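A.B. asks: Sequence:
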Amino acid sequence: MNESLFPTLWSGDLGRFVNESDYRELTGESRTPLEIITNATDIPLDRPPEAVERWNRGDLRDVPETNQSVSIGPPTAERARAAYIEDAFVSIFAIQPSTRAHLTPDDTPLYVGDTGSVLALVDYRVDLRDNHTVDNVTYRWRLDSHQVQRVRLLVDGELENETLGSQTPELGFDELAAYPGVRHNLTIEADIAVAVERSKDECLERGANGTCGDWQNETWQIQSALTVTDSRDVTRYRLGVSGYETSYPNGDQGLELYMNRPWLGFETPAGTVRGSWRFYTARDRNWDALRVDSTDGSRQTHSPMHPLQVYAFPMEGGPTIRSTAVTLLDSYGVEMDAPELQPDVYLDVAEDTYTASYGLVVRVEDGSEGSEPTGAVQGLVRGVERPLSDASLATVPLIETELRLSVDSIEDGIATVEISLREASSGRPIETSSQPGVIQIDGTTVDTGPDGTTVQRVSIGNGIVSARYVPEPWWRHTPGYLGDSDAVFASHGSIDIVNAIYQIGIPIGLLLIAAFLVDRITGIPIWPPWRH
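Just so we're on the same page, our numbering is the position in the sequence shown counted from 1, plus 1086.
Check the hints yourself; a few may be wrong.
[Stated by the list, open to error] Pair ranges (Cβ atoms, derived):
(1) Asp1528 <-> Gly1469: 38 to 48 Å
(2) Thr1481 <-> Ser1520: 18 to 28 Å
(3) Ile1599 <-> Thr1481: 36 to 46 Å
(4) Leu1597 <-> Pro1473: 18 to 28 Å
(5) Glu1136 <-> Arg1284: 50 to 60 Å
Just so you know, the hints here were simulated from the structure itself, not pulled from any lab data.
Predicted model only: the values in this text are computed from it and were never measured.
We put the beta carbon where it would ideally sit given N, CA and C, even for glycine.
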């Protein structure tokens, strides 16, 4: 396993912080900066690590060796018994790839993809009676054979896969989508078989010295079988992303992607977009100790096996962008109660409530106009992703607009202004009263009529009247419009024009005088500014 990744996999295992000097004194070794950090806190992960699956496969091989007289497994495993079989169980070690999602305090589904595997541990012990003699009859028991005959994986009670006997089986499922619904039950069944020879030796006649002179022998072959099971409820995680795409006049690309369940985000050549979700991994504490059963009774011992599980949680702060070439325009989703993480896991989880980022809207620079979106949409389960080109995206035309103001009349410092809003290329009028979007002027919002115009009386103030068109975002209305703005002088004549120039020019003039004085007094070559 990658040594730099390994320390980040054990969230919740902080224990007592040991500074570097004490650590070197105790162990004679030094730690990497990452190892020091993970001794003090937990680190969120950007995606589900594949290393968890490699670790679990290798860790399952660390099961302590036993014989027919000893059974060893997690204390939580449900033990069963049959004739000559004791303390038999099968316990699911890991389902992978999978992610346990902390959605709310009471909702933590275990998400799995359409394909994956189930790792398990099977064990039992054989319990033979002691040989003994009663009067002239001797009873004996001898173990002929014992084995895990067959292990099966069932999905919702139907056989999905099976293998010949193994104490540490790994059984795969290939097409969970073939089963109806999204919630499923994965069950591991293991058949255990024991063959015992039982014999009865009876002395029919004894001599004067007590020696048996006539023995009668009977032998029976006894077959004992037991099936043990363990199961987990899972939720099939599938990506079904839909949304809209558009092209900006400069060639930038607009994307709105939506899925009605939590998802990680998407990657494009221009950058990575992440929603609310981050990850951590932690050991399954049900395996911290092992129960050892034998004829002497039961005891617990430290476990060398520590299966890891991937967890997803809503991170405080919401969606993030990792590129200057991608701009987050909007994110939206369902308002949910913030979950609680496992004890001793220290991460910046959302507090109180959070918005699950079901929808993400971005503007991507330098996209080729009209080209197909490139990149990948990623889910909360490792390996569950789809090309961005496979997403069901409807194209939204994005139209440039032209906002124009003209002053009809001025009376007592109030200007009557005609406002006109049209599509820039076609000249078609835009009626804001019948569709989302407004025009803002003089601190108020106004709407245009069917002819794309309206008249508004505004205070002329310093003589400049400005307005801007604020359209509904393109991903909420078809067709989409781009905003525009305009400004005009509203004056009775040249005196008002001079007054407007005066009010604008005085601040600029003062700034230029200050620059001239700094140049002359300090010698810093900043005058004249146009020289630079």
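A.B. asks: Does the structure break any of the earlier hints, and which numbers would those be?
C.D. replies: 1, 3, 4
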